[in-house]
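K.L.:
As you go down the protein sequences, you meet chains P and H in turn. So for the first sequence, this note's numbering puts the first residue at 1; every next one is plus one. So for the second sequence, this note's numbering puts the first residue at 1; every next one is plus one.
Treat the hints with care, since some could be wrong.
Claimed, not checked - Some, not all, of what chain P presents toward chain H, calculated at C-beta under 8 angstroms:
1. Gln37
2. Pro39
3. Asn40
4. Ile46
5. Ala49
6. Leu50
7. Thr54
8. Leu55
Said to hold, decoys possible - Here are the computed distance ranges between Cβ atoms for each label pair:
9. Asp6/H / Leu34/P: 41 to 47 angstroms
10. Asp22/H / Met41/P: 17 to 23 angstroms
11. Asp33/H / Pro29/P: 16 to 22 angstroms
12. Pro39/P / Pro77/H: 48 to 54 angstroms
13. Asn40/P / Trp78/H: 44 to 50 angstroms
In case anyone wonders, no lab produced these hints; they're calculated from the structure. Ideal Cβ positions, reconstructed from N, Cα and C, are used throughout, including at glycine.
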Amino acid sequence: MYTPIKCYQPYYGPNDPCPPIGIKCYQTPPNLYLGFQAPNMQQFPIQEALYRGTLWPVLYDPYPTPMKKGGK
Amino acid sequence: MKQTADTAQERNALMEKIQMVDFALVELTLYLDTHPQDSQAIQQFNQLAMESRDLKGAYEKRFGPLRQFGGSFSGYPWNWDNAPWPWQL
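Chain H extracted, bound-state conformation (with noise of 0.2 angstroms):
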């Protein structure tokens, strides 16, 4: 897939969109271990957890899988070892 320099810079937005959402989750997890009663961040992590499940299917869709193991779906041929990694971005 020939890497131009918009889709390079479309693909680090949207994967900082998608970290800055995870970690908000890594976050509300923490938070939420020690209060499991505060409705008000259950409600908020659900709802970052949408977004991050749609913002990861988004970038799935245009760019390859993220995850393994099942936890995306393959492009054909198998493409999930192609550089860039995600954790290169």
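Okay, chain P solo, but in the shape it has when bound (with noise of 0.2 angstroms):
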């Protein structure tokens, strides 16, 4: 299954002058992993789809910050 966020924690080199910056996140919403979207597929009901932003649950995503300390 895919997470709707990954996070990296860049290199910081021992000659680095600025400080770490920590960890960096980026989003990857269900639709990169999602290819052609097949018919007939589950949907929200009329309702409830204009407040979760899509007709599809599968193409729901909250995009969620990054809990850990930093990130984007």
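Make the complex out of the two chains shown on their own, each in a separate frame, by following the hints.
P.N.:
See below:
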């Protein structure tokens, strides 16, 4: 299963004048992993779709913020 | 038109319903652009299109025109520019 957000630790060199960046994160929304959308997929009820931002639960992504220290 | 609290609340509720149906229509339009053969989605699209037209008709009968340039009938006097505008709701 995919994760909606991925983070990594940039290398911090000994001669790096700037302070370490910590952890950098980037969003990986579900459409990256979906490929061509299959027909007749399960849908949100119309009332809920407006507030979810999409008609299909597969594509729903709340864009989580990185919980850990730092991050973009 | 005096805007009592309950008509404002009713108006917002009706506008919210319209927004829900229109959002689903936008989603289905984008979906159908890439899936022209999906008959089930087309049937749902037509159903929602009718529903959206009925909802807008009901809204316009009570609260004034939503669309311009012939999209909606005008009341008397010319009232499509009265506040609040549809997008301000």
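K.L.:
Kindly indicate which numbered hints from before are broken by the structure, ordering the numbers from low to high.
P.N.:
none
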